[in-house]
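Take the sequences, apply the hints, and build the full model.
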Amino acid sequence: MYLTESAGMLLSTVYCARRAFPFSTWGEGVAAIPVVNVGARLPQAALNWRRKTVGEQSVVTLALQWLGNLARVFTTLVQVRDPVVLCGSVASAVVNGALVGQWVWYTRKERAAAKREGRGGGGAAPVASR
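In this note's numbering, each residue's number is its place in the sequence shown (first place is 1) plus 1127.
I should point out that these hints are in silico values taken from the structure, not numbers from a laboratory. Don't take every hint at face value.
What the hints assert, rightly or not - Listed next, the in silico SDA-like pairs over lysine to any residue satisfying Cα-Cα at most 25 Å (straight line):
(1) 1179 x 1191
(2) 1242 x 1231
(3) 1242 x 1185
So this is what it looks like as structure tokens:
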């Protein structure tokens, strides 16, 4: 995956530089081209769906990636208005938003199941009587 993201960085940088877009619209986004980002995130979303859990994924990381994608969509609309860049940014925002949605959905279901089974009270374990 590292090699694909590195190739994505290169492609994204070259494309935006050749189109003479303002650096503020793509400079911090050099970390990965949105299409490659989508390709890297789709297998994770599929795995979460098959397992019906997000495992140990961090909601903070997922949410920050999603918010960054939404900011990228905004800056692309305001400063660049290029359909290629916009489509990639929207695709990344959708996929990362889906991962955030999966985290919320599956975490709520897991917490509800734990409460039904008596594991999710949140307090200390009951003391067994003799």
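Against the structure, the hints come out as follows:
1. 1179 x 1191: With a Cα-Cα distance of about 22 Å, the restraint between residue 1179 and residue 1191 holds, given a limit of 25 Å.
2. 1242 x 1231: holds, 17 Å
3. 1242 x 1185: holds, 22 Å
When each numbered hint is compared with the structure, no violation occurs for any of them.
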